[in-house]
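Construct the complete structure from the given sequences, taking the supplied hints into account.
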Amino acid sequence: MDQLVDDFAARRPSGLEQVYALWSRLFFSVARHVIADSGQAEDCVHDALVRVWRSPNRFTGNREMLKAYLITCVRNESLGMVRREGRRDARELKAARLAPVSSVDPPAVDPVETQRLRAALGRLPDEQRTALTLAYYGNKTHVEIAQELNVPLGTIKSRISMAMRKLQTDLASAEGQRS
Amino acid sequence: MTEHLGENAELYPLGILDDDAAREVERHIAFCSECAERVARAEAVAASLAAALPLATPSPTLERRLRESTRPQRYANKPRTTLFPFALAAAFALAFLGLGWQQLVLRQRLAAEDVALVTMVHSHFNHVSMSPESTSPVAAKILYARDGSWIYIIADKPGGALHAIAHTERGVADLGAMLKAGETATLLVHPSERVRSIALQRGGTTVASAKLVY
Chain W
0 MDQLVDDFAA RRPSGLEQVY ALWSRLFFSV ARHVIADSGQ AEDCVHDALV
50 RVWRSPNRFT GNREMLKAYL ITCVRNESLG MVRREGRRDA RELKAARLAP
100 VSSVDPPAVD PVETQRLRAA LGRLPDEQRT ALTLAYYGNK THVEIAQELN
150 VPLGTIKSRI SMAMRKLQTD LASAEGQRS
Chain B
0 MTEHLGENAE LYPLGILDDD AAREVERHIA FCSECAERVA RAEAVAASLA
50 AALPLATPSP TLERRLREST RPQRYANKPR TTLFPFALAA AFALAFLGLG
100 WQQLVLRQRL AAEDVALVTM VHSHFNHVSM SPESTSPVAA KILYARDGSW
150 IYIIADKPGG ALHAIAHTER GVADLGAMLK AGETATLLVH PSERVRSIAL
200 QRGGTTVASA KLVY
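If you read the sequences in order, they're chains W and B. Numbering of the first sequence is given in numbering that gives the first Met the number 0, commencing with residue 0 and proceeding in unit increments. Numbering of the second sequence is given in numbering that gives the first Met the number 0, commencing with residue 0 and proceeding in unit increments.
Any given hint might turn out to be false.
Computed cross-link-like contacts, SDA-like style, restricted to lysine to any residue with a CA-CA straight-line distance of at most 20 Å [unchecked claim]:
{"no.": "1", "chain 1": "B", "residue 1": "K140", "chain 2": "B", "residue 2": "A160"}
{"no.": "2", "chain 1": "W", "residue 1": "K165", "chain 2": "B", "residue 2": "E36"}
{"no.": "3", "chain 1": "B", "residue 1": "K156", "chain 2": "W", "residue 2": "E84"}
Simulated from the structure, these hints should not be mistaken for lab results. A quick note: this is a predicted structure, and the numbers were derived from the prediction, not measured.
The following block contains the structure:
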């Protein structure tokens, strides 16, 4: 097992320190995309990481899987906070998407990875790309997307699910070609 | 064994499921490796989607808060692997004890082994409602093992960060911060000595307290 994953799974302080050093900006970016208020976005990162840290450990994957798992936790924590507090209105979410984060921050985590992602998104059928984009970058629920696009809920779920699986295949293929 | 997750496996990492559906995914993947792998693959895709977000830097206080929150608790002296069954059982038992919001749902959802676990653990712990204090009290309940080996605190609508303070025969001990979970905040600890009473504090003010009788 990866030493970082091993340390994190064993709840050694060094595990959390490494995770924080590597991915705290990514986690904060994920939360900040959902919540305009920086303080509340930090609360979500904090609560998500502490929850995982205190929870019984079922994690046995590799480093990338740990990162993906923690991103999911942070995003779900952030969206949960917004929904709980009833602040899921257009102004709030629009503010979260449009508010400048920092003038010195780079535009994205990894330009190469971003380019690969954009290319993969571009290869999706339009209806799948639209549904997935509204879900992730628009922070909308599948119910809201169905209403916005005037499409049955089951259809939206299928489109998003298929888009995710196609992206998975596409990105894995691109990764294989790169390595 | 319930049915597999289907499309919800891909929807879960996007955070677009409602709370009930998301909890169902989490419960399911705890025992279904096939769906757990499918969710993990979807999480990897969601992580790739995150790569296109503008990068932001948190304040230095976040790291300090994390260090404090994950500092080993004075009472957390037992292996973590023992925590989950108690936490799970306590949560199930809570529903059976009348706070509960989901007895009917539990009957439908719980697998036979879960029911057996609830039945087994139900006879080995006590519970007490905490007395609200201050002008802004909080409703909370404590479940605790009759042998004093574990304590589970649940607060409803905490209204801010809550801290648990224990009174023991040797003095006062800090049990740590309670962790928010939806509309509730919870804390599970394994005391190394018998706890006589617990106070919940919000911003240094006691908002609820209870005595534990063994």
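Structure-based check of each hint:
no.: 1; hint: K140/B to A160/B; verdict: holds, 16 Å
no.: 2; hint: K165/W to E36/B; verdict: holds, 16 Å
no.: 3; hint: K156/B to E84/W; verdict: holds, 11 Å
Comparing the model with each earlier hint shows no violations; every hint is respected.
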